[in-house]
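**Student:** The lines below spell out each chain.
There are 6 protein chains.
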Amino acid sequence: MKNPKSIYFAAGWFTPAQKQAYDQALAALTQNPTLNGDLSYVPLDHPYQKLDVGAHPEYLKDPEWATATYRGDLLGIKQTDLLAVIYLPKEEDVGCGVEMGYAHALGKPVVLVIPDRQFGEPINLMAWGPQTW
Amino acid sequence: MKNPKSIYFAAGWFTPAQKQAYDQALAALTQNPTLNGDLSYVPLDHPYQKLDVGAHPEYLKDPEWATATYRGDLLGIKQTDLLAVIYLPKEEDVGCGVEMGYAHALGKPVVLVIPDRQFGEPINLMAWGPQTW
Amino acid sequence: MKNPKSIYFAAGWFTPAQKQAYDQALAALTQNPTLNGDLSYVPLDHPYQKLDVGAHPEYLKDPEWATATYRGDLLGIKQTDLLAVIYLPKEEDVGCGVEMGYAHALGKPVVLVIPDRQFGEPINLMAWGPQTW
Amino acid sequence: MKNPKSIYFAAGWFTPAQKQAYDQALAALTQNPTLNGDLSYVPLDHPYQKLDVGAHPEYLKDPEWATATYRGDLLGIKQTDLLAVIYLPKEEDVGCGVEMGYAHALGKPVVLVIPDRQFGEPINLMAWGPQTW
Amino acid sequence: MKNPKSIYFAAGWFTPAQKQAYDQALAALTQNPTLNGDLSYVPLDHPYQKLDVGAHPEYLKDPEWATATYRGDLLGIKQTDLLAVIYLPKEEDVGCGVEMGYAHALGKPVVLVIPDRQFGEPINLMAWGPQTW
Amino acid sequence: MKNPKSIYFAAGWFTPAQKQAYDQALAALTQNPTLNGDLSYVPLDHPYQKLDVGAHPEYLKDPEWATATYRGDLLGIKQTDLLAVIYLPKEEDVGCGVEMGYAHALGKPVVLVIPDRQFGEPINLMAWGPQTW
Chain A
352 MKNPKSIYFA AGWFTPAQKQ AYDQALAALT QNPTLNGDLS YVPLDHPYQK LDVGAHPEYL
412 KDPEWATATY RGDLLGIKQT DLLAVIYLPK EEDVGCGVEM GYAHALGKPV VLVIPDRQFG
472 EPINLMAWGP QTW
Chain B
352 MKNPKSIYFA AGWFTPAQKQ AYDQALAALT QNPTLNGDLS YVPLDHPYQK LDVGAHPEYL
412 KDPEWATATY RGDLLGIKQT DLLAVIYLPK EEDVGCGVEM GYAHALGKPV VLVIPDRQFG
472 EPINLMAWGP QTW
Chain C
352 MKNPKSIYFA AGWFTPAQKQ AYDQALAALT QNPTLNGDLS YVPLDHPYQK LDVGAHPEYL
412 KDPEWATATY RGDLLGIKQT DLLAVIYLPK EEDVGCGVEM GYAHALGKPV VLVIPDRQFG
472 EPINLMAWGP QTW
Chain D
352 MKNPKSIYFA AGWFTPAQKQ AYDQALAALT QNPTLNGDLS YVPLDHPYQK LDVGAHPEYL
412 KDPEWATATY RGDLLGIKQT DLLAVIYLPK EEDVGCGVEM GYAHALGKPV VLVIPDRQFG
472 EPINLMAWGP QTW
Chain E
352 MKNPKSIYFA AGWFTPAQKQ AYDQALAALT QNPTLNGDLS YVPLDHPYQK LDVGAHPEYL
412 KDPEWATATY RGDLLGIKQT DLLAVIYLPK EEDVGCGVEM GYAHALGKPV VLVIPDRQFG
472 EPINLMAWGP QTW
Chain F
352 MKNPKSIYFA AGWFTPAQKQ AYDQALAALT QNPTLNGDLS YVPLDHPYQK LDVGAHPEYL
412 KDPEWATATY RGDLLGIKQT DLLAVIYLPK EEDVGCGVEM GYAHALGKPV VLVIPDRQFG
472 EPINLMAWGP QTW
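Chains as they are written, first to last, in the working numbering: chain A, 352 to 484; chain B, 352 to 484; chain C, 352 to 484; chain D, 352 to 484; chain E, 352 to 484; chain F, 352 to 484.
There could be a bad hint or two in this list.
Just so you know, same-sequence chains aren't split out, so a pair can sit in one copy or run between any two.
Said to hold, decoys possible - Calculated pairs, DMTMM-like style, for lysine to aspartate or glutamate (alpha carbon to alpha carbon, straight line, at most 20 Å):
| # | residue 1 | residue 2 |
| --- | --- | --- |
| 1 | Lys441 | Asp374 |
| 2 | Lys441 | Glu409 |
| 3 | Lys353 | Asp467 |
| 4 | Lys429 | Asp467 |
By construction, these hints were calculated from the structure, which means they are not laboratory data.
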């Protein structure tokens with residue numbers, strides 16, 4: 352494939368449906384020959400100091416850790432070609448919103464990936480907008 | 352007051368708690384002498400073609416209306432000094448996330464306004480980040 | 352009028368039809384109460400060193416003068432709220448194109464003002480685009 | 352060649368002289384070992400939905416097609432290293448102007464490629480400016 | 352004066368010559384009718400938490416204080432029309448360099464103000480560049 | 352090494368200590384397997400028209416040469432992944448300041464590389480700031 356694109360993989364992982372969509376989407380995108388896995392960015396793979404937040408939730412309240420992780424994610428957006436958002440219209444994630452707004456402001460294409468079982472549900476106006484770029 | 356600042360008023364209005372916080376915050380900000388009300392931007396005051404979406408929810412599915420309203424809101428962010436987000440940690444709004452990410456990318460200060468009754472609840476890492484600018 | 356907007360007045364003045372459209376549009380915009388004339392920018396009013404290029408066309412070939420005038424115009428775009436382009440579909444001006452592309456990249460609204468007698472003529476795709484922002 | 356650069360190939364194709372210059376320049380650039388052809392972007396190769404506008408000129412009036420093609424071209428500018436403009440001083444193209452202004456605002460180098468037979472003709476001040484970056 | 356401009360006053364104050372130039376320049380700029388003093392920004396007037404660093408030099412080593420002061424100064428650059436740098440060719444200040452580079456990247460005009468007694472001394476290439484914008 | 356990063360090598364070379372730090376740092380960075388030497392940018396390797404300024408110092412006063420070299424360096428910052436600054440707290444260089452401020456405004460990571468023998472010396476607040484991005 353000539354010129355495969357790198358993506359920033361934006362997704363919530365806080366509810367069972369989000370987790371299921373996360374896993375299915377990541378597996379599917381990994382198979383996609385038009386994407387460049389080596390240059391793509393999956394935020395959960397890049398916590399500051401490689402800390403596993405699932406095992407150490409107390410770090411979410413540590414300002415240094417939180418800021419550095421946030422900044423690292425912004426850098427991931429800047430260094431990839433487009434933002435792929437795993438989007439559940441009925442279980443939206445404010446963090447994905449921040450990533451979408453940031454990407455849009457930088458002029459990056461934003462694509463919503465909606466699981467079949469929630470496809471067709473109304474999409475928040477502000478979440479739909481970044482796709483129109 | 353010398354040089355009062357204009358704000359973009361970002362807030363959800365989809366749940367009872369959001370609506371209550373919206374009204375209280377807007378009333379309080381209106382009284383704030385360090386803010387310039389004339390130059391501030393309240394998205395609900397600027398629907399495309401002045402359509403009342405509460406009365407005409409079908410417009411939320413109209414691409415022209417949705418895109419124009421979204422773009423108008425982005426312009427509001429660009430033309431104001433800072434983003435004030437009425438933020439309920441337990442009832443987050445993905446639309447506010449988009450506004451926060453967009454404002455942060457433009458280098459605008461972002462301030463979270465948290466109602467007393469939810470103050471102290473954990474804040475999503477990505478929603479907290481834009482404040483650190 | 353609350354919050355009148357400042358404009359950058361983009362227009363060719365190289366053909367008789369352009370000159371006529373220029374004069375009519377400038378006169379009309381001057382009357383428009385939603386616009387702020389004091390903060391608006393008319394490029395012909397800002398030649399570098401206040402040189403009258405009509406009287407001294409040799410300056411168009413002077414690199415210092417040309418660069419400084421060009422840079423001054425870009426600054427005019429940056430400091431105004433929107434770009435109003437006096438646009439003749441049948442007598443396009445590449446200079447207005449540069450101004451439109453520049454304004455669009457900065458996220459400024461671009462408005463085409465088309466004289467009645469050329470209204471309805473096909474518009475170049477790339478000239479139409481900046482209006483969609 | 353180490354680090355060959357990708358270009359966005361900006362050119363009008365509306366007059367016989369423009370078409371001739373287009374073909375000659377594209378052929379010459381393809382041979383240039385300092386350029387990366389795989390990553391370069393030729394707008395006519397990327398119409399929305401791969402529609403051949405020469406065969407279907409009615410699409411130029413279709414807002415969806417026009418907007419998507421325009422946006423795709425802007426993305427091409429963002430993803431290439433520099434803008435090469437096939438520039439005929441006596442047959443300027445407003446579309447190239449938009450591309451030049453946009454590229455300049457993004458901080459991309461702009462290079463005018465002028466056919467021998469029009470070399471030396473006066474260049475519009477605003478078209479010359481983006482080269483100075 | 353119509354449309355007076357606001358400035359960001361960039362200057363070192365670490366050597367006797369810098370301090371003298373600082374005072375003379377600030378006094379002169381305050382008298383300048385083309386400048387808007389109310390909207391201008393003098394960094395020393397905006398330390399974080401209004402701390403007097405001269406009296407409390409230990410704060411220079413406090414990360415929170417240092418970051419907040421730095422960020423506040425960047426905001427000052429964003430909110431003013433141009434950067435005036437009190438520049439001593441023989442006693443350059445790296446902090447002014449940061450401010451100049453930042454302002455240039457934002458497209459703000461940068462003006463070097465050079466005291467008479469050092470006027471004519473060679474200027475660092477990188478410090479001269481932002482003025483050419 | 353997957354995805355090695357390219358750097359812009361910012362450093363003064365005007366004092367003996369700067370020259371020593373320059374040589375040592377460049378040698379060390381060249382060995383670093385996480386960096387991409389081919390895509391990195393060392394300003395002294397890119398003087399305009401390949402002129403050796405050491406041998407021809409008169410060019411530093413030539414506006415064309417100075418502007419072109421300055422612009423070329425900015426382009427180097429835009430095209431690399433991060434800015435590495437060889438930073439001597441006691442012998443700061445205003446040129447590095449300009450590069451740091453410019454890089455920061457573009458959202459590029461900035462890293463200070465401090466020689467052991469000056470490590471621990473106080474760092475100018477404005478020079479420290481760009482690292483916090």
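**Student:** Now tell me, hint by hint, if it's right for this structure.
**Tutor:** Hints, one by one, checked against the model:
no.	hint	verdict
1	Lys441 x Asp374	within (18 Å within a copy, 25 Å between copies)
2	Lys441 x Glu409	between (28 Å within a copy, 18 Å between copies)
3	Lys353 x Asp467	neither (29 Å within a copy, 35 Å between copies)
4	Lys429 x Asp467	neither (29 Å within a copy, 32 Å between copies)
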